[in-house]
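Asks: Following the hints, complete the assembly by docking chain B onto the known chain A.
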Amino acid sequence: MKISNFKSQISKFIIVGIMLLSLMTYSGAASAELTINANHDYITIDFFYNGSTVSVSGSSDTGTDLIIKITASDGHEILKQKGKAAGFLWMNMGTLKFEHAPNLYFIHSTKKIDKILSKEDMNNYVIGYPALSKYIEITPASKDEERTKWFGEFIRYKEASKLYASSSEQINTTNENNRQKYYMKTDWPYQAPPGEYLVTVYAVKDKKIIEKAETKVLVEQVGIIKMLSGMAANNGAVYGIISIVIALGAGFGVGMVFRKGGGAH
Amino acid sequence: MYLYLPVALTSINIIIPIGLGLVVGLLSGLFGVGGGFLMTPLLIMLGIPATVAAATDSNQIVAASTSGTYAHWKVGNVDFKMGVHLLIGGFIGGLFGVQAIKILKEMGNADFVIKMTYVLMLGIVGTYMFIESIHKVEEAKQEKESGVAKLLRSLPLQTRYEKSGVTHSAVIPVVFGGFVGILAAIMGVGGGFLMVPVMVYILRMPMHVVVGTSLFQILFNCIEVTFLQAYTNHNVDFILAVLLLLGSTVGAQVGAVFGRKLRGEQLKIILAVIVLVVTVKIIFELTLTPSLLLSQAGGH
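First to last, the protein sequences are chains A and B.
To convert, count from 1 in the first sequence and add 4; that's the working numbering.
To convert, count from 1 in the second sequence and add 2; that's the working numbering.
Don't take every hint at face value.
Claimed, not checked - Chain B is nowhere near these chain A residues, computed Cβ spacing over 12 Å in every case:
no., residue
1, ASP45
2, THR75
3, GLU81
4, PHE92
5, SER171
6, THR219
7, ILE246
Said to hold, decoys possible - Listed next, the stretches of chain A that the computed footprint assigns to chain B, with coverage defined by at least 3 CB atoms under 8 Å from CB atoms of chain B:
no., segment
8, 148-162
9, 209-215
10, 232-243
Don't read these hints as lab results, they were simulated from the structure.
Small disclaimer: the values here were computed from a predicted structure and weren't measured.
Yeah, the Cβ is synthetic: ideal placement off N, Cα and C, and Gly gets one too.
Just chain A, same shape as in the assembly (with noise of 0.2 Å):
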């Protein structure tokens, strides 16, 4: 009896190692292997506000390629399509509906993603265009031949916005004490709304996904922006009638000045 419970409790002990040791090889590896580090990650809206500049940086296995991803979470656009009417004008010929779309999405990778992973893992991390093309619904847009179309466009437009952009040139590597150290600065445009980002950074080794690390950019309006923003949004009229009394008082106000000065003629 004590022989056949010491072998049970060894059984159950080995069996709980085992689940320890797996769950280490993906969460707890990307904790203590893989790391991520965002210098800004905390960007304010005030009154001077240009864009900002965000980097990343962290350590990671040497010989792994690395992927980083900024997106916001998923959302959906409407947009107008321009199309041709009666053969040669060009004008909106209705909307496109965009669902699932992030509204900012930046992709930059070690080398050309399509070189360092598999279509597979691609289309699970949603990491490239080609994949996100799969992921966003696009309606009405049917047939395969359409949505190539309107989904190139949404990217052009995204791209001209300045809230998509893909580069695999933008990640330094460094081999410190048996470690890559990897460094990315970014411009943070400031078409970015305010909202909450995920960064993260994915190691690739062999065209997979080995490890992730993730960490987060807040971007909140404050001061004299947040106070207008909010009450254009929550108090219209009083917003309303505030602009024009304004533009009266300017209207007025100048008209004056110019009646002074122009007492001379």
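Replies: Positioned in the frame of chain A, the structure of chain B alone reads:
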């Protein structure tokens, strides 16, 4: 120096809106137009969302037209009675215009009708003003209009408009104000560039009184539009409006001073050229392939 715009959610170098305001305010003081047909597309080009650009432009026109009306009123160039009659018509016309837009949207071809109305109205008005001002066909026109004048004189509510030096039935400015109101609502503009030719060619008012009176009625239209935009759509960007009005209020005063030094015919020719240039620009936009095939949708 850059400032952040809390409603447009964008950042802008302050020199740009102040400079734009100055130029458009100058046109406003010179010709009695609000300048929305110039300012709104320029703001969109600077990255301001279309809906915010149009709403904020209305707010700055309140300032520019106050400044301009005040400058013209000082020298006796505002016909308040005529202005009020045009306003009544414009208000009623605006209500019809909004309904027309709703129907067109339901039919699914609103954009086509709006763009075509824009090109046709601007093209016709610009060409007519230009040719008329160049040839000065005053005598021939008076002969032609004698029949029309008789008809207008036979209408009830004949009213003397002292400042303009004309007598018309009060029905005339209300009807034509209404016509401009309908078109302005359909085209989404203040309608100054349509109202000015109506006052010059149909109501036969002197050009300098036309400018002051047009600004007076634009002021009230834009107060209404600013309030409605702020209250219902939350699209007025206060900081952008202040930057624009810093330039436009000064520009309107300078324009009014310049305007007094130019003859009516000269003013008409310059306005006609500006209207025609804008028409050509719109025709190019319609026919050349745009760089982006997607744009922000209006409204919320």
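Asks: Could you tell me which of the numbered hints above are not met by this structure, giving the numbers in increasing order?
Replies: 3, 4, 7 and 9
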